[in-house]
Amino acid sequence: MRMDKKGSVDTVIECRHISKEFTSKRGTAKVLEDISLQVRKNEFVVLFGPGQCGKTTLMNVLSGLDGATKGTVYSHGQEVTGPGSERGVVFQSMALFPWLTVRGNVAYGPKARGFDKDAYTKKSDYYIDLVGLKGFENAYINQLSGGMKQRVGIARAYCNEPDVLFMDEPFSALDAQTRYLMQEEIMRIWSTEKRTVVFITNNIEEAVYVADRIILLTNCPARIKKEYPIDLPRPRDYTSKEFLLLRDEISKNMDRTL
Amino acid sequence: MAMDERRVKVRVSNLYKQFGDLKVLDNISFDVLEGEFLCVVGPTGCGKTTFLNSVTKLYEPTSGEILVNGEPVDLKKNNISYIFQEQSTMEWYTVEQNIEYGLRIKGIPKAERRIAVDEVLEMVGLKDYRKYYPRELSASMVQRVVIGRAFATKPELLLMDEPYGQLDIELRFKLEDELISLWQRTGTTVIFITHNIEEAVYLSEHILVLTNKPSTIKRKITNNLPRPRNVIDPDFIQLRNEVTELIKWW
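In order, the protein sequence lines correspond to chains A and B. In my numbering, each residue carries its 1-based index in the first sequence increased by 20. Counted from 1, the second sequence has number -6 at position 2 by my numbering; the numbering is strictly sequential.
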């Protein structure tokens, strides 16, 4: 249930009537169909849906990494026409630079934007500490575990101090138990440094654990099937009755993967 | 509580497994009763798959022994089926050819194979799909082919390594129910590895909790919850939390 009025100052990201098609020699594939949504400041929104339904495409459109076929995306009321440092991204594949240290990766954005060495070192060290990697500033990426790598990805995205953090299934490549750890960690990090977050997952427990609001998408072409505000107090309990009932309700309502 | 009068099906005694310097299994001993459903849980990377591979002799133990029906496990004598973590249907065979495969290898004559395959297709609900290829099926149907193939040889021991890990919850619950139903019908002994504690509590009669490498048995828990089990039931949740506490490192 959306409680925002249109164009409220609280809205950080908004899209109206977004449609996205991909055209190739084999024809046209419609991936997104008439999606309109708003994300409020410091809200942790989860895009949830069956595999291959278009969640990543939607995120790419919202973050400016890709353009919509129809409709418009707004960031603080201004039209989004491309990627920008105000919209940070964390990828499932992490996409870290193996030739740089942890600090090199995390400081990359600010350094590229012209901050001086003192400034970007201070910034990056702050975020490296925030994600729990203090002491690993000079480690190389291949020396880190999967969970640690993803922490670097998160620190790197945060370090650019974006308005919005987009996270595309950031924990899907991790083993189940590290995944639980990272769910707790992202909640700890986010509550320490509040940001607006748009988070993609296809794991219902993960969705209910982290979200302020879950936007349930249909199968491809994706439309919004339903929105679920999640009012449970944090830290959440995976085995509480309320958690399990929500998990049950939402997963029953999800389209089956084609 | 009634004494469990079932015979010992599998006896693992002082199982050690080492790869070079890496000690994975450290003095593991336990029994599995005939027709029992045992789940094995533990921290990631603790050696659960290594353990299963030792039972099937895919790995030779460094020392210790594994007895099935009182004798050292012998793949020629013992009827053991193994379901892997990775998807393992043979893409170039149809559903019924996949299911028939083990029977063919064992040299079962054609007429008997036909009957067994029909029975299995019925059990896993894939009768109408017998001529389909795995790529034409949904993920859950593919898993059913794998399960069907495993049950087709009427195994005395069924080993399963996290077969439902990647599936969404609705699907998992459905497949778990089907597995329980198949297990109850056939009386097979099952050793089932999972990282999912809820799944372990849902399926098991006993839960073996392993420690980190080098793994030993931290605890063996008896699961007396009545079936069909309900994941929202307070007793279910209590057991789930208890087991989670035992393996939680995060």
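No lab work stands behind these hints, which were simulated from the structure alone. None of the values given here were measured: they were computed from a predicted structure. Glycine is no exception: its CB is placed at the ideal position from the N, C-alpha and C atoms. A portion of the hints provided could be inaccurate.
One-sided and incomplete, this derived list gives chain B residues near chain A with beta-carbon spacing under 7 Å [stated by the list, open to error]:
| hint | residue |
| --- | --- |
| 1 | F22 |
| 2 | T36 |
| 3 | Q79 |
| 4 | S80 |
| 5 | M82 |
| 6 | E83 |
| 7 | L238 |
Reference excerpt, derived from the structure (chain B facing chain A, CB under 10 Å, subset only) [said to hold, decoys possible]:
| hint | residue |
| --- | --- |
| 8 | F11 |
| 9 | Q230 |
| 10 | W241 |
Once the Cα atoms are required to be at most 25 Å apart in a straight line, the calculated DSS-like pairs of lysine-lysine come out as [unchecked claim]:
| hint | chain 1 | residue 1 | chain 2 | residue 2 |
| --- | --- | --- | --- | --- |
| 11 | A | K50 | A | K90 |
| 12 | A | K50 | A | K61 |
| 13 | A | K245 | B | K166 |
| 14 | B | K205 | A | K272 |
| 15 | B | K102 | A | K261 |
>> So, as I understand it, the hint says E83/B touches chain A; can you test that by seeing if any CB pair is closer than 7 Å?
In response: Status violated, d = 19 Å.
> Are the Cα atoms of K245/A and K166/B separated by 25 Å or less?
Replying inline: OK: K245/A and K166/B at ~23 Å, within 25 Å.
>> Checking hints one by one. Is Q230/B an interface residue toward chain A, by the C-beta closer than 10 Å rule?
In response: Status holds, d = 9 Å.
>> Need the status of pair K50/A, K90/A: alpha-carbon distance at most 25 Å?
In response: Cα-Cα ~11 Å, so holds.
> Are Q79/B and chain A close enough, Cβ to Cβ, to be under 7 Å, as the hint says?
Replying inline: 14 Å, violated
> Is the shortest C-beta separation between F11/B and chain A less than 10 Å?
Replying inline: Violated: closest Cβ of chain A sits about 20 Å from F11/B, beyond 10 Å.
>> Given a cut of 7 Å on the nearest C-beta pair, is the interface hint for T36/B held or broken against chain A?
In response: Interface hint status for T36/B: holds (4 Å vs cutoff 7 Å).
>> Is the interface hint satisfied for F22/B? The criterion is a beta-carbon contact with chain A at less than 7 Å.
In response: Where the cut-off is 7 Å and the nearest Cβ of chain A is about 23 Å from F22/B, the hint is violated.
> Are K50/A and K61/A close enough, with their CA atoms no more than 25 Å apart?
Replying inline: Violated, at about 30 Å.
>> Under 7 Å is the threshold here; is the Cβ of L238/B close enough to any Cβ of chain A for the hint to stand?
In response: Violated: closest Cβ of chain A sits about 13 Å from L238/B, beyond 7 Å.
>> Next item in the hint list is S80/B. Is there a CB on chain A closer than 7 Å to its CB?
In response: With a minimum Cβ separation of about 20 Å from chain A (threshold 7 Å), the hint on S80/B is violated.
>> Checking one constraint from the list: CA of K102/B to CA of K261/A, max 25 Å. Satisfied?
In response: It is violated: about 52 Å lies between the C-alpha atoms, which goes past 25 Å.
Checked against the numbered hints given earlier, the structure breaks hints 1, 3, 4, 5, 6, 7, 8, 12, 14 and 15 and satisfies all the rest.
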